[in-house]
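Novice: Protein chains in written order, with this note's numbering: chain B, 2 to 513; chain P, 91 to 163.
Since the hints were made in silico from the structure, they are not lab data.
The model shown is predicted, which means the values in this text are computed figures rather than measured ones.
Glycine included, each C-beta is placed from N, C-alpha and C at the ideal position.
It is possible that part of the hints are untrue.
To be verified - Calculated pairs, DSS-like style, for lysine-lysine (alpha carbon to alpha carbon, straight line, at most 25 Å): (1) B:451 to P:128; (2) B:280 to B:450; (3) P:109 to B:280; (4) P:128 to B:450; (5) B:217 to B:376; (6) B:460 to P:128; (7) B:217 to P:145.
Stated by the list, open to error - Some residues of chain B that are not near chain P, with every Cβ distance over 10 Å (derived): (8) 17; (9) 115; (10) 176; (11) 188; (12) 238; (13) 272; (14) 278; (15) 317; (16) 329; (17) 405; (18) 419; (19) 434; (20) 453; (21) 499.
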Amino acid sequence: MSFDDMLTDLQAREEKARAMGGPERLAKREARGVMNARSRIDAFIDPGSWVETGLLAVSSMVPEDRDKTPADGKVAGFATMGGRRVGVVANDFTTKGASSSSTNMKKIGHVKRIATERGFPLVFFGESSGARMPDNMGAKGMGLNLGHDPQQYVRNRETPWASAVLGQCYGSSAWYTCMSDFAVFRKGAIMAVASPGLASFAIGQEIDAEGLGGWKLHERITGLIDRVVESDEEAIEEIKTFLSYMPSHCNELPPVAAVPAGSDDAAARILDILPESRKRGYDVRKIINCIADTDSFYEFKPRFGRTVAVGLARVGGKTVGFVASNPMGKAGALDVAGCEKATRFTVMCDSFNIPLILLVDTPGFVIGVEGEKQKAPGKIMNFMQALQMCTVPKLSVVMRKTYGQAYLNMGGGRNSDDIAAWPTAEISFMDPHFATEIVTWDQDASEEKKSEIREQMEKDNSAYELAEIFGVQAVISPADTRRYLLQQLDIHQLRLTGGIGKHRMSAWPTTY
Amino acid sequence: MATTEVLSEVIGSVWRVEKSQGDSVAEGEVIMILESMKMEIPVEAPVTGTLSEIKVAPEGSVDEDQVLCLIES
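Just chain P, with the same shape it has in the complex:
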């Protein structure tokens, strides 16, 4: 079992979280959408697995390289 940290590519805020803790995600599936520079930035699962933790909530601000969620695979 490996844990993969999903990092934010941008400085911005969380616009929408599409998945919930415990959900299965496939590689490339959108987990949440950030908002940065008036753009919607999708955060995709880098690996297939289970979302073990979501560390941010809608409207919360995020930094570049901040851990957004964890995937167990």
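In isolation and in its complexed conformation, chain B is listed as follows:
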């Protein structure tokens, strides 16, 4: 074969591999407004930056699949996004449902290893039918394919991972989503252990795909995803936004952005949002928006665990993580979902050198049998342990109520590097109204007696009482909160390590 013929042959092989499952299947997706694996990558990365790995890989277990498995159904490689290096794996559903095979799992493993060892984020565009059959069947299927990589599910959070759930995601694409630091979900996609068909066949459960693993389930009940979008394009933009807050790896500081003009002005509006009545709820996200750089608050899991709002933001151009009680949800009383959400977010921030800001207005933990059935004490302690093991700067602002163990979970005591309280703060073991009822329980106490006891219970619970014993380091006007945080973030920089924390929870689970 001449050189020309050899090069023509190489080109033909590459073109065939890039054609995925063929024009007909691709056209059907396009007609439905669904992008394909390669167009997703193109929309995500900087133009011309794609370096593919394993383009000519094919199925290696079933000889007749050899010519029907371009790139073996998973497109993998490296690129830059916004000028920063990233690793990408995109499932090509038009090729055997992007099912996991011996060859393509090696491709994923390769990109994962390189991204981890060389220090850049890893992005998954998930849409996979699960393990390929019959490849994975039998002892040889299991022994040679699944379980062949002892590092496959190791996550030490060396670099950020982001996943998009863009179609049906069973098996590996669900696993990688759950192992990621950030997951975005397109409406209409499904994420589950196995398909509704298998659920019906194996256990007789009749349920449609949406019910088994649709966006409402994951957004509101499981909390396994962070954001929900309408289209592939939006999902891609969400991952870009997430990564814009993140360092490329755990030994680097997050990128610094320019501070938008007017960012210092909004804090003056906090008192327009905070109600004068202690019984009136408010949306803490509006307070965060007054404190953070303009339009920088990027919320995670907005409809899951709504007793607490968490999200990345910037203060003075630098990335911070907010963990804020939200009195709009269960009066801000932390429930199991709220604890899970706060724990996961705290671990992620600590792993990537992102300081934490806790905004506190919580009457305690949600009590009752529902929480106990969901292991509430364990969830509370997970959150508490996470906060105490954090080595990034932790700053706490007590806005209003902070009671009991929740006082500690939200940074009270010595659980923050610095605590400020607004004059509206109340600190105690329990809400005085509940405390009065508890101590008069089973007694025939008159209203007058209760009122007397309540007055006693309300004593010594002000911000000033706490300031007198140095339980808070400052009492500040709400309008000074941004200035206070800017000062404290500067004071508490980890100068001895160049801003790098100890990452003691980097190997903690990615879901709870």
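Could you slot chain P onto chain B? The hints should help.
Specialist: The following block gives chain P in isolation, referenced to the frame of chain B:
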């Protein structure tokens, strides 16, 4: 003309309805106040428009994500 559903953030009950069907509301204006966990939870208009329907009444119970009212904008 778009219809916006205003959803309840909480499980609780309707304490007070501040607006009536047909009223104009500005974004951020309080439409009603719910009661949950002994707290008053204001329900604010997410968009500026006209309240085309109020689906709940005082003392009625509400679920999380229940549609409370509709705004035409």
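Novice: Against this structure, judge whether each hint is valid.
Specialist: Hints, verified against the model:
Between residue 451 of chain B and residue 128 of chain P the CA atoms are separated by roughly 18 Å; this keeps the pair inside 25 Å, and the hint holds. For the proposed pair residue 280 of chain B and residue 450 of chain B, the alpha carbon gap of about 23 Å is at most 25 Å, so the pair holds. For a cut-off of 25 Å, the pair hint linking residue 109 of chain P to residue 280 of chain B stands: about 21 Å separates their Cα positions. With a C-alpha separation of about 22 Å, the suggested pair residue 128 of chain P and residue 450 of chain B falls inside the 25 Å cut-off, and the hint holds.
Under the criterion of a C-alpha separation no larger than 25 Å, the hint pairing residue 217 of chain B with residue 376 of chain B is consistent with the structure, at around 23 Å. Distance hint between residue 460 of chain B and residue 128 of chain P is fulfilled; the C-alpha atoms sit about 21 Å from each other, no more than 25 Å. In summary, the hint linking residue 217 of chain B to residue 145 of chain P is supported, as the alpha carbons are separated by about 22 Å, within the 25 Å threshold. Residue placement check: residue 17 of chain B keeps its beta carbon more than 10 Å from all beta carbons of chain P (closest about 47 Å).
Non-interface call for residue 115 of chain B relative to chain P: holds, since the shortest CB-CB distance, roughly 43 Å, exceeds 10 Å. Every beta carbon of chain P lies more than 10 Å from that of residue 176 of chain B, the smallest distance being close to 29 Å; the non-interface claim holds. Interface exclusion of residue 188 of chain B from chain P stands, the closest Cβ pair being 16 Å apart, more than 10 Å. Distance check on residue 238 of chain B: its Cβ is at least 22 Å (rounded) from any Cβ of chain P, clearing the 10 Å threshold; non-interface status holds.
Every CB of chain P is more than 10 Å from the CB of residue 272 of chain B (nearest about 15 Å), matching its label as outside the interface. Separation of residue 278 of chain B from chain P is inadequate, the least Cβ-Cβ distance of about 7 Å not exceeding the 10 Å criterion. Every Cβ of chain P is farther than 10 Å from the Cβ of residue 317 of chain B; the closest lies at roughly 27 Å, confirming the non-interface assignment. Not every C-beta of chain P lies more than 10 Å from that of residue 329 of chain B, the closest at about 5 Å, which undercuts listing it as non-interface.
With a minimum CB-CB distance of about 15 Å to chain P, residue 405 of chain B clears the 10 Å threshold, and the non-interface call stands. The claim that residue 419 of chain B is not at the interface with chain P holds, since no C-beta of that chain comes within 10 Å of its own (minimum 29 Å). Residue placement check: residue 434 of chain B does not keep its beta carbon more than 10 Å from all beta carbons of chain P (closest about 8 Å). With a cut of 10 Å on Cβ distances, residue 453 of chain B stays outside the contact zone with chain P, its closest approach being about 21 Å.
For residue 499 of chain B, the shortest C-beta to C-beta distance to chain P comes to about 42 Å, beyond the 10 Å cut-off, and the non-interface label holds.
Figure legend: structure checked against the earlier numbered hints; hints not met, in rising order: 14, 16, 19.
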